[in-house]
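Those sequence lines, one after another, are chains A, B, C and D. Going by the working numbering, the residue at position 198 of the first sequence is 198; the numbering climbs one at a time, nothing skipped. Going by the working numbering, the residue at position 12 of the second sequence is 12; the numbering climbs one at a time, nothing skipped. Going by the working numbering, the residue at position 301 of the third sequence is 301; the numbering climbs one at a time, nothing skipped. Going by the working numbering, the residue at position 298 of the fourth sequence is 298; the numbering climbs one at a time, nothing skipped.
The hints are simulated quantities; they were obtained by calculation from the structure and are not laboratory data. One should not assume that every hint holds.
So, partial list: chain B residues that the calculated Cβ filter (under 7 Å) puts toward chain C [claimed, not checked]: (1) K43; (2) P45; (3) M109; (4) S160; (5) A283; (6) P320.
For clarity, every value in this text was computed on a predicted model and none was experimentally measured. Ideal Cβ placement from N, Cα and C applies to all residues, glycine included.
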Amino acid sequence: MVSVRESPGGLGLTGDQLMDMLYKMMLARAIGQRVRMLNRMGKVPFAVTGEGQEAAQVGTAYALAPGKDWVVPYYRDIGVVLVIGQTPRDLLLEALARGESVSSGGRNMPSHFSDPKLRIVSGAAVVATQIVHAVGTAFASKLRGLDEVSMVWFGDGATSEGDCHEAMNFAGIHGLPVVFVCEHNQYAISVPWTKQMAVENVSVRAQGYGFPGVTVDGNDVLAVYGSAREAVDRARRGEGPTFIEAKTYRLVPHTSDDDDRRYRSREEVEKWAKKDPIIRFQAYLQEHGLLDAKERDDLAMKVAEEVDAATEYAENAPLPDPESALKHVFAEEKGR
Amino acid sequence: MVSVRESPGGLGLTGDQLMDMLYKMMLARAIGQRVRMLNRMGKVPFAVTGEGQEAAQVGTAYALAPGKDWVVPYYRDIGVVLVIGQTPRDLLLEALARGESVSSGGRNMPSHFSDPKLRIVSGAAVVATQIVHAVGTAFASKLRGLDEVSMVWFGDGATSEGDCHEAMNFAGIHGLPVVFVCEHNQYAISVPWTKQMAVENVSVRAQGYGFPGVTVDGNDVLAVYGSAREAVDRARRGEGPTFIEAKTYRLVPHTSDDDDRRYRSREEVEKWAKKDPIIRFQAYLQEHGLLDAKERDDLAMKVAEEVDAATEYAENAPLPDPESALKHVFAEEKGR
Amino acid sequence: MAEKNMVEAVRDAMSEEMERDPRVIVLGEDVANGGVFRATQGLLDEFGPDRCIDTPLAESAIVGVAIGASLNGVIPIAEIQFADFIHPAMDQIVSEAARLRYRSNGGWGCPITIRAPYGAGIHGGPYHSQSVEAIYGHVPGLKVVCVATPYDAKGLLKSAIRDPDPVLFLEHKRAYRLHRWDVPDEDYTIPIGEAEVKRDGKDISLITYGMMLHHALKAAETVEAEDGISAEVIDLRTISPLDKETILKSVEKTGKALVVYEDNLTGGFGAEVAAIIAQEAFDFLDGPVTRVASPDVPIAPYAGVLEEYVLPNPAKIASAIRDLAAY
Amino acid sequence: MAEKNMVEAVRDAMSEEMERDPRVIVLGEDVANGGVFRATQGLLDEFGPDRCIDTPLAESAIVGVAIGASLNGVIPIAEIQFADFIHPAMDQIVSEAARLRYRSNGGWGCPITIRAPYGAGIHGGPYHSQSVEAIYGHVPGLKVVCVATPYDAKGLLKSAIRDPDPVLFLEHKRAYRLHRWDVPDEDYTIPIGEAEVKRDGKDISLITYGMMLHHALKAAETVEAEDGISAEVIDLRTISPLDKETILKSVEKTGKALVVYEDNLTGGFGAEVAAIIAQEAFDFLDGPVTRVASPDVPIAPYAGVLEEYVLPNPAKIASAIRDLAAY
Ligand SMILES: Cc1ncc(C[n+]2csc(CCOP(=O)(O)OP(=O)(O)O)c2C)c(N)n1
Ligand SMILES: Cc1ncc(C[n+]2csc(CCOP(=O)(O)OP(=O)(O)O)c2C)c(N)n1
Ligand SMILES: [Mg+2]
Ligand SMILES: [Mg+2]
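Sequences and hints are given; from them, build the entire structure.
Below, the structure is given as structure tokens:
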């Protein structure tokens with residue numbers, strides 16, 4: 001591994017941090033691939049993952065203070081929750097719907113992350129509802145005088161929902177410490193962005209709510225980090241929300257139930273595969289002498305081993321107790 | 001009355017049209033006042049009217065082709081429906097919830113206008129839902145290749161609802177012939193606009209949907225008309241939606257159940273009373289030699305007589321038949 | 001002890017809870033100005049603009065922001081101005097607030113109270129009159145309270161605010177200023193999930209809630225005086241969780257059950273009550289489980305004559321009591 | 001006549017109606033690409049982008065735009081991708097579509113069909129499994145259909161599209177590809193509001209709909225074979241308006257009613273069915289009106305073992321039949 005070296009981009013990141021970012025991106029990728037493989041093997045009925053969007057995820061989450069800031073992800077955000085502190089084991093337990101999974105104990109669909117001690121807020125599969133929750137956590141931080149930041153992630157499709165509007169408007173009015181991250185991957189399932197909005201950059205909407213919106217190359221992890229850093233700093237200083245649109249691409253089908261060949265050409269996917277954020281970041285690090293081929297391969301090996309170990313652990317972990325299905329509809333004890 | 005003279009503002013309006021606009025504004029004012037008086041007399045349990053907003057209403061509606069274009073008003077829009085063709089009698093029957101009222105036969109609250117033959121679409125009391133309907137009528141016009149325009153009215157408060165966003169986004173995507181008219185009267189009941197939005201002009205949001213937004217002095221009926229004319233022309237030419245924000249003020253309490261002294265100073269109301277759109281338009285017409293004091297007083301007399309006659313008719317009209325309460329839940333005959 | 005009407009009792013409950021627990025806030029449309037029914041009157045002055053918060057006109061945000069805030073140490077009371085306008089927030093209530101604890105395997109809880117005036121009888125027309133308890137009483141993970149007296153309102157609202165789970169607190173608006181009844185000044189709570197026998201009787205059980213409680217009590221007086229029928233009147237107070245025991249105990253005693261509700265007949269919450277009685281008190285029944293409710297038309301048409309025609313009232317209830325008693 | 005599964009039958013109904021009436025359009029998320037269940041497969045090619053329209057991800061707009069378009073000479077079929085995601089459109093459906101005719105005194109009508117796959121049993125977790133028929137079956141002015149066979153799906157969807165009022169058309173997604181049954185190629189309709197006796201019997205009446213129809217039929221076979229109990233099975237098909245006559249006729253014959261539904265027990269639509277039987281067939285009942293439904297937990301937890309534990313199935317139904325038959 002690299003020792004502490006200066007970040008070339010002037011973002012205040014150390015070399016270790018850059019390597020850690022790469023590691024989290026590779027881990028996210030490998031976990032996504034593993035979960036989809038488990039689906040094809042018939043071991044899990046459903047998989048939704050985010051291969052291709054790792055830069056947008058890791059770059060944004062990296063600007064947060066884990067355990068302190070509020071994290072409101074959506075179903076592709078394996079990279080986000082890894083940065084915040086979830087482990088491959090957490091994620092495989094979750095994908096395999098095991099009883100000890102911290103996210104939901106097998107109750108929620110895979111990739112619906114939750115971790116109270118890490119302040120990762122449980123999400124529904126309902127698109128866009130979580131955007132409002134992040135405004136709520138940020139509102140509480142402000143009311144309580146705490147310098148926490150809330151960050152929320154969602155797709156381009158989510159911007160069409162009424163909840164996205166109501167959330168942004170509320171945040172603007174109160175100048176809340178919240179960062180809206182749109183992982184614009186060009187599609188809402190099969191619907192291309194051109195059928196979802198009549199603007200080139202959806203970030204333009206932020207000015208209708210009185211705060212800045214920025215569009216960033218979502219496959220450039222450092223560019224993403226830079227804009228997230230700025231947004232988090234603004235929020236922490238009490239200067240209000242920011243909307244970040246990270247233009248990226250999902251390299252895989254929408255979910256294990258989707259056949260993306262029905263709505264996009266292989267050429268288009270290939271074109272984006274060439275912009276793979278992991279390959280790009282590796283090339284960048286190599287160019288700047290922060291990574292060599294061996295280090296890269298070692299890292300890939302380490303990632304593979306970790307995912308294997310996590311898979312093995314999770315596959316052997318017990319299923320939820322059937323009767324536990326009746327639990328936790330309401331609080332078991334009084335008070336809170 | 002004046003004979004056909006040229007409009008001084010260069011808006012292509014004849015003198016007769018200008019006088020007609022004034023007449024509709026005065027009629028709207030008088031009807032609003034009458035309905036509130038009927039409430040104080042205990043003759044109707046509820047009144048919601050729009051005194052002060054007549055320029056915004058008449059100026060926008062005047063740009064439409066009545067009976068052809070789609071009219072989707074909200075509960076203050078007495079001025080709108082008068083321009084489109086409803087009569088004082090229609091409005092008093094409606095306010096008094098008489099069985100023969102075309103709007104609802106006494107089923108909907110007063111000021112919830114409806115008139116199928118005039119293409120005035122029935123509204124709920126639910127704020128903002130109607131904005132989506134206007135996008136729907138416009139969508140149908142486009143799909144059917146008809147050169148109809150849809151216009152929809154709503155308050156500043158309505159812009160906060162998710163439906164407003166979803167409607168504008170849909171309209172932008174399809175470039176629909178719809179004009180969004182926000183009668184920005186500074187308040188949603190007691191909540192001032194500053195607690196509803198973090199922008200100076202809510203019209204700025206239109207650019208987030210890919211079409212123009214304009215802010216206009218909503219107490220200047222000709223300025224309003226000018227922007228509406230342009231918007232309607234654009235829509236009719238197939239160039240898509242426009243958002244018009246007409247800044248105005250309601251001079252009366254929110255409804256008969258509201259006491260506006262709780263949330264706004266008499267000085268503020270007085271300040272706006274000085275900008276009364278009717279007095280202002282009368283002064284304008286007098287200045288341009290289109291109206292003299294006698295004509296103005298004659299018009300006021302005519303309006304008062306019409307409202308008296310309509311009130312008398314409506315008060316004597318029968319109440320709905322109680323058993324009719326069970327009708328029209330579903331279509332009585334098959335087919336449509 | 002002082003005489004209070006129900007809206008004052010609601011206000012007192014909030015004020016006292018905000019005093020007791022600094023985490024409690026109130027948010028909603030026009031609440032800073034006291035609310036359209038004056039239920040939040042004075043809270044702004046007492047607790048300041050950080051605890052009594054006007055929101056934009058956006059019900060989904062009102063509930064969704066409350067949910068988020070509740071995860072971060074705040075205990076929100078969200079006001080929906082009229083229950084008729086709760087529908088835009090349906091998704092946040094049903095998909096989010098009610099399912100958060102379950103889907104996170106107990107990891108997260110959502111201690112919010114959503115208050116809404118509901119019900120007809122004030123010439124509110126089809127958008128200021130709706131009953132929504134059947135929709136929400138069906139949702140696991142959500143508690144639903146329907147109050148109609150000052151005493152119950154104060155005690156149950158305090159319980160709702162202190163409850164670790166989301167509570168939809170429905171206040172019948174026609175009952176807001178109907179009576180001034182004794183309400184203790186001191187702190188007290190009424191457990192969520194307990195019905196109350198508001199009138200003892202032996203011939204027939206009336207099971208009801210909300211404004212219909214008052215109509216049922218009136219009808220019970222009438223049939224006692226005119227026909228010598230002794231009607232027991234049960235006020236459910238909480239719709240969910242439902243107090244089956246109190247219902248069944250009464251029906252086992254009287255053998256006759258009349259379920260009275262203001263909402264539309266079909267699929268109203270009274271259907272659930274009737275179904276429980278039909279299944280669990282079958283051996284005790286001396287007559288059909290009978291329902292009095294509004295016909296299946298939108299509640300309620302505005303004109304007085306139409307509204308009156310549609311809604312249940314003491315006379316309609318009394319007539320159903322007589323029929324069932326004579327069975 | 002050809003063998004079709006239910007999703008093909010749904011597709012055929014839409015395609016034939018679009019062919020028959022140029023006013024009919026389809027709109028929703030991903031419909032141009034055939035829809036996530038392939039129910040709109042091919043419609044784009046057949047009818048072009050003006051009649052098979054992808055919308056942005058915004059359910060309230062999908063329904064609200066359909067409402068507006070329906071006022072202006074278009075007959076929209078709006079697809080909600082999963083019934084679980086209908087909640088954001090609740091307001092447009094309940095406040096607007098269902099009340100438009102009534103509130104305008106018959107002046108306006110709203111001929112829209114809203115299609116949505118619903119129901120559990122496919123490991124969909126708590127957001128791809130919900131039943132919503134109880135909520136909407138309670139709404140005056142809205143018709144609600146729940147189909148579970150290919151033949152019924154085609155005939156009823158055609159009726160829905162031709163209906164002058166709004167129809168919520170719920171297709172049980174677990175039944176989409178469950179069977180291939182005979183479906184006529186030619187045009188036919190099944191009237192909205194008619195239940196069907198899907199199996200004759202004399203000892204007990206099973207009243208059900210949706211996926212539970214198939215489970216009930218299986219259970220009926222089992223108890224016939226193993227216990228000699230003759231169970232009649234009624235498929236409601238339409239929830240609203242409800243075919244009371246068919247239900248009551250059966251219960252008057254058998255004297256025993258078992259209401260089976262997949263939704264949560266409390267406040268599910270089966271409560272209404274049970275309440276009607278309890279009131280109107282009281283004199284014929286030889287046992288308590290009994291319900292089999294899911295317990296009151298969010299439907300459905302994702303893990304197979306949890307989902308199975310929660311949902312009704314043939315074995316649970318058979319056991320309830322035996323208990324009631326022995327009563
Ligand atoms: C309210 C709602 N409607 C529909 C769906 C079904 N659905 C799941 S994901 C999805 C597309 C989401 O697109 P986007 O927000 O761009 O996120 P992406 O999947 O592209 O990352 C849809 C329509 C849903 N989950 N929630
Ligand atoms: C969805 C919804 N929420 C709340 C209300 C109650 N309400 C009626 S009018 C109103 C304020 C509307 O303000 P605005 O849109 O600015 O219109 P204005 O009354 O000022 O003309 C409110 C909150 C409602 N009718 N609908
Ligand atoms: Mg996307
Ligand atoms: Mg306003």
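Results for each hint:
At its closest, the beta carbon of K43/B sits 11 Å from a beta carbon of chain C; the interface hint therefore is violated under the 7 Å criterion. With a least beta-carbon distance of about 4 Å to chain C, the hint placing P45/B at the interface is held under the 7 Å criterion. A hinted interface residue such as M109/B counts as satisfied when its beta carbon comes closer than 7 Å to some beta carbon of chain C; here the least separation is about 4 Å, so the hint holds. Hint on S160/B holds. Least Cβ distance to chain C is approximately 4 Å, under the 7 Å limit.
Because the beta carbon of A283/B sits about 35 Å from the nearest beta carbon in chain C, more than 7 Å, this interface hint is broken. Nearest Cβ of chain C to the Cβ of P320/B: about 5 Å, under the 7 Å cut. The hint holds.
Of the numbered hints stated above, those contradicted by the structure are hints 1, 5, listed in ascending order.
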